[in-house]
Each structure stands twice: as structure tokens, then as C-alpha cells.
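Participant: Here is how the chains run, residue by residue.
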Amino acid sequence: MTDILIKGGRVIDPAGGLDRRADVLISDGKIAKVGRVPASQITRGCKLIDAVGKIVCPGLIDIHVHCREPGHEEEETIATAAGSAVAGGFTTIVAMPNTHPVIDNEAMVQYVIHQAENAGLARVLPAGAITKDRQGKELAELGSMLAAGAVAFTDDGDGLASSSVMQRALQYAGMFDAPILQHCQDPDLGGSGVMNSGAMAVRLGLPGIPAAAEEIMLQRDLALLARTGGRYHVQHVSTAGAVDMIRSAKKLGLHVTAEATPHHMLLTDAACQSYDPNYKVAPPLRSAGDVEAVRQGVADGTIDCLATDHAPHSKEEKELEFALAPSGLIALQCALGLFAKALIDTGLIDWPTLIARMTTGPAAVIRQPLASLAAGAVADVTIIDPQADYTVDVTGWLSKSRNCPYHNWPLHVRAVGTIVAGQVKFLL
Amino acid sequence: MSKTATKRSSRKPAATATPATPVTTATPAEAEPFVWTKKHLLGLDELTADEIVHILDTAESFREVSTRSIKKVPALRGKVVANLFFEDSTRTRMSFNLAASRLSADVIELVSTGSSVAKGETLRDTVRNIEAMGVDIVVVRHKQSGAAYMLAQCLSASVVNAGDGQHEHPTQALLDIFTIRQRLGSVAGKKVGIVGDIAHSRVARSNILGLRKLGAEVFVVGPPTLVPSAITAMGCEVCHSLDEVLPRLDVINMLRIQFERFSSNLFPSVREYAQLYGLNAERMRLAKPDILVMHPGPINRGMELTSDVADGPNSAILNQVTNGLAIRMAVLFLVNQANQV
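Just so you know, the protein sequences line up as chains A and B, in that order.
In terms of this note's numbering, the first sequence opens at residue 1 and continues consecutively.
In terms of this note's numbering, the second sequence opens at residue 1 and continues consecutively.
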């Protein structure tokens, strides 16, 4: 395997507390050295990457991606999702299990791993469903899936509504120390809604999903977690109240983690005014106050990690009436720029914190030995240009879908190099 | 706006309606001829006060047409109007049909209450196929909020919203406002109550928007389960007691209650609704003697209104229906004009 020398970049390694100008030498798929690499240490044929003016950090991790395979390969495949990931600077993504059929057994978990290996792009780690066929009734074989390579369990797409099933899931997954990822939305209160409850929904004549729908399920789960122990992770936090609840729960010592998406930190329900279904997401775009609270939650560490909830949908589906169109948007390929816009450009956090929320934060949620530039660590590395003025152009994206509301947005942060296990998968 | 202004704003004077002297309006005629530029009528949200007044003035001049022995003008001769009703409607559909006929347009009609998605064809495809037959104006009613907006983006024909879900019903609000102006002389400063299922009513939304733009005060009245508090962002006041607000009102618009609402727990029973929010002779004693009573129809007699009130001297309900025809003629005439500019 060819050695790679990334020269002269600002190296940020949150795990090692490192933020200084240095070279990164990769050898044999592992980090060989971070520091000044003298010419004598450079082997013949070593690939040189000039990173002056760039940021060099552990590979970015997105723990919330819908790859749509199997079942909706016309919208995305594991290969196109993994391609989008490396083009966006992500070396690892976690594939959600709400496929057709559902990833709820070890054979399905193996299938995802197999397809990811064939694609040979980003690491694609499967999440398995908590319950059989995501029906919210009977526990799926969590132990077998874990043994086959699943890294977390979730019925994402829907909240796990039954209190007793959630209690069992926390107890049982807790035995393996495996995280339960919850999409908090009470189906009874939020069931008919298609956007945030509030003045805009009233004006548009669209049924609303109140913030309480998210908070009721979260509060219940936290009450269960206090009894059962285990690891509990809140997906796509969207309300100020939910951020407060997670903050309090952490103070009480509960093992709760959380993620935030770009859209819940950059868009509000005002965007729905055009009835453009690309602004229909679950949980819905909320108020400006919620956006600010989610950003603050990321800044103070209440929210541990950033995730895209990349959710491809076909043009036909997204051209339906707002209420009939499915929820979701795609963002893998520009997410880094969006997170920087929401959190760095606003002065809320610095680069080391942003990198931590995209590397060590998500790695801790899924308990993977990734996100480190220590000598001997797996060489997953991302190179970031923090001053690349560009306009998002979704037409050239690697995703099979185009449901992206950020088309034509001006951004200035992007990934320019993505190295997975010592192999360059993307280089601009 | 006078008859002459209407004519001057048209690029094709020969095709314009030739109404008689218009009824005096409460708004002063503008100095400049008004040039209508809106190709679609999707809602009152996107209209200015001047534009709303211009529609009312244009309708005023069309009202006379219906009094002639030959009730027809050649304004839309050679044009095709497609009335696409994906949701039940009797009076709105007939009113649009008659309005288009009186303007000499050819009218085609689709009445389909089933979901087009269920049949495997999307709304977009259904309507684009109909448009391909050479349609100039598409009048659409659909149960999904935003359906008219969506069609306006994918059609080259003019789109007139005849009611989209719980969002807007602009021609209903225009005819309501027209009726208020006709009966009370003006709209500005008037206190208008809208009573009933505000949450699910496109009639309420369009009325609030239009009335506020013309300077009326709007009170929405009903139980909190039917009146979302966030509606105050549209510039109206929320009131839960009809008896409390009734003495202050110049106009009361009683919305139709859909019976399926009480099965979903939005109010306990028809009886209790009628007790709290029904307008009857006894409650009318609390109101100003000349209060204008309106209803978009069809009435559930004994529920929103008792018959003595619905058919009494304060009722403007049949005026509303008559005026609806003039309003729809005006709207079809104006959007067609804009589409030719």
C-alpha cells in the first residue's frame, strides 16, 4: 500500500488534543506519524498531498444516513450513498435500517456490509431495527445483529411508541452496551401533522406537529432510561425543550447522547411557505428560537454530534402535494459546509469543537475505535478547505436523488480530500 | 374603478365587457388606469389592497351583465376554461361554470372526488394532460393545501384557486367582501366576526387576509379546539365567547360545521356547539339591529343558524351567491388579461 504524506496542514485531532501545523504520514493504512516528517522518512512512491491552508483531521462520521438499499435503489444505493459520503468528507456513515425489507436480522446486516465492501468507498456501518419489521411490537434479534456487525439499533422513521417495548429494548440492548437511537415523535399527537405547529402551519392550512410530540416521547424515554440503564441516543433534536431535557438528563448522569442536523440549525418553518416538499422533514423545521437552542446545545456539548439524516427521495415522490410527499432531504455532500455556516460563521464554536462533534462525538455514540490521528490508528483522514468559496450545485452530486433545499446556496467550507484506511477515496 | 378604466386596462377593448354605468362604490376611483398583472389567482395572501379593490370594482361592472335579457359578453370568446374539481362542490363549481359561460368561454369540467394518486396518476400529470387539450384557464379545487400553488408552477395556463385544502378560497372571500361593501358601503373600520371551525377553514383564512388588507377588524370566534391561537399572527383577534363579541360586530360570517369534526373530539356534540355558537333569534337580540349575517353555504339549519335568522332581514346569504357570479366573472376576465400581456 502506497504511503501518503499530507504536508503543511493545520492538524486538528480532538482525541489527542492536537491543533497545530504539522505533516501527517500514513503508512500501511495506519497513521504513522503526526509532526514534521523529514525528507529522509519519505519512502519512494509516497503520495504527497499539499495541505497548506487546509485543515487535516480524523475522518468525519455521519451516524444518520438513509442508503435506501435494499428496496429503493432508484433513490439511493449503498454505493451512491458511500460515494456521496466521501465526496462530502465522511469516511464513515451509519446506514439506517428502514429499508424494504427492513434490516432487522443478521443476514440483512451482512448484506449491508457486503454491499459496502463491494463499493469500497466509505465505511458503511449498519444500524439494525429495534423491533421486527419496525412494527414497534416484538424485539428483533439484537444480539445476532450485533455479532454480525450492527453498531446501533433504531426504528428511525418512526418513534418507538410503546413504552413497554422501549423499556425492554433499553434493558436488552443495555446488556450488550449497544446504543438505542430514537426518533422522538409521539405518533398520537404528531400523527396527522406535516410541518411544525405554529403560525406558519395555520396560515398555510397544513396540520401541525407540535414540539410537545417530540418532548413527550423524549421525557418518557428518559424516565425509562433512569430505571433501566443502557445507552440512549436522541436523533435529530429539533426543539428548544428537547435540548433542555437532554441537558438536565446529562446533569443527572443518565447515559444520553444526541445529534443535530444541518436543517434544524439553518432552516425554520418559514421555508414551508412555498409548499416546496423539499422543506418537508421529520421532525419538522421549527421556529427561529428552536434553531438557536439546537445550535447552543451543540456549542455547550449537550448535543454530542452532528448528523445529516440524509434521506433521498425520488423526484416523482417529491413532486406530490406537500402533505402527500414523503419527509426528508439530502445533504451528505455539502453537510460540512452547512455545519460550518451554522456553528463557526456564527462564532458559536471553534474548529476543534466542530471537528470533535463530527468525529469523536459520533464515534463515542457507536463505540467505534475511529476518530483518532494517534500513531497506529486507522488512517481515516479528512482534509478540509475552510476558505473555498463555492455554490452548492446538486445537479452534479453522486446521490441518485435531488431532494436538496440547499441548491445554489453559497458556502465556503468543503472537504477536499477523504482518505479511508489509508486509501485516497476523494481528492479535489 | 369605473367602466372606462376597466376598458382602458384591456389590450383588447373589443373583447371587453361593455357594462352599463357601474354602481357607485365606496372607494374613490383611481387617477391612473389599473393594469392587472397577476396571471393566477392563488390566494388573497399575494394580493395588495389595490388589487382586491380592482377585482371588486371589475365585478361591480360585471354584475349588470346578469340583468340583461341576453346574459353574455364576448370577453373570453375562443378561450377554454377547465373546471377541475377534485373535491365535492355544488355552488362554487356551478358559479365558475356560469361565470365562464357568461364570458363566452368554452368550459370543460372534471369532477373527481377520488384521489388521483390512488388511480396511479399524480395531480400534476392529470392537470398537465388536461392542459394539453389547449386550456387557457384552470380553475381548481383540491383537498390538499397548496395544490393550486403547485399547479401554477407547472402549467402555462392561468390557475384560479377554487379552494385548496384548508389554505385559501379566494373567490369566496372576495364575494364576501364584495357583499359587505355593497350592503354597508365600505369595509374599512367594520368589525367582522367569523364564527366556527377556523382551524380547518380556507374561507376563514382568505377572509381574514382580505378583510385586514382593506382595513376591517376581524374577530375569529369558536372553541380553542377549532380556533388555533397562532391565527392571531394573521392580524385577527381570537374570541371564545360569541355572546361577548356579538354586540360589537357589524358583520357576522357563520362558517359551516363539518360533522366529522365532532367525531375527532374537536367539540363534544352538535347540541353543545349550537348552544354556544349557533345564531338564533334570541342571540340576535344581543347584536346591532342592522348586523349583516353571512354564511358561505351550505347551511346546516339549526346548527350554525336557525331558519328565522338565515332567512331574516339581516341575512345576506343569497346576495353572496349572486355576487359570487360577478366576482368569478371578474377573476376569469382579469387573469386571462394578464396571461395575454
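By construction, these hints were calculated from the structure, which means they are not laboratory data.
Just so you know, even glycine gets a beta-carbon here, dropped at the ideal spot from N, CA and C.
You may find that some hints are simply not true.
As the list claims (entries may be wrong) - One-sided excerpt, in silico: chain B residues whose CB lies under 7 Å from chain A:
(1) 124
(2) 145
(3) 147
(4) 149
(5) 152
(6) 165
(7) 166
(8) 228
(9) 235
(10) 238
Participant: Give me the numbers of the hints this structure contradicts, sorted from smallest to largest.
Facilitator: Hints 5, 9 and 10 are the ones this structure does not satisfy, whereas the remaining hints hold.
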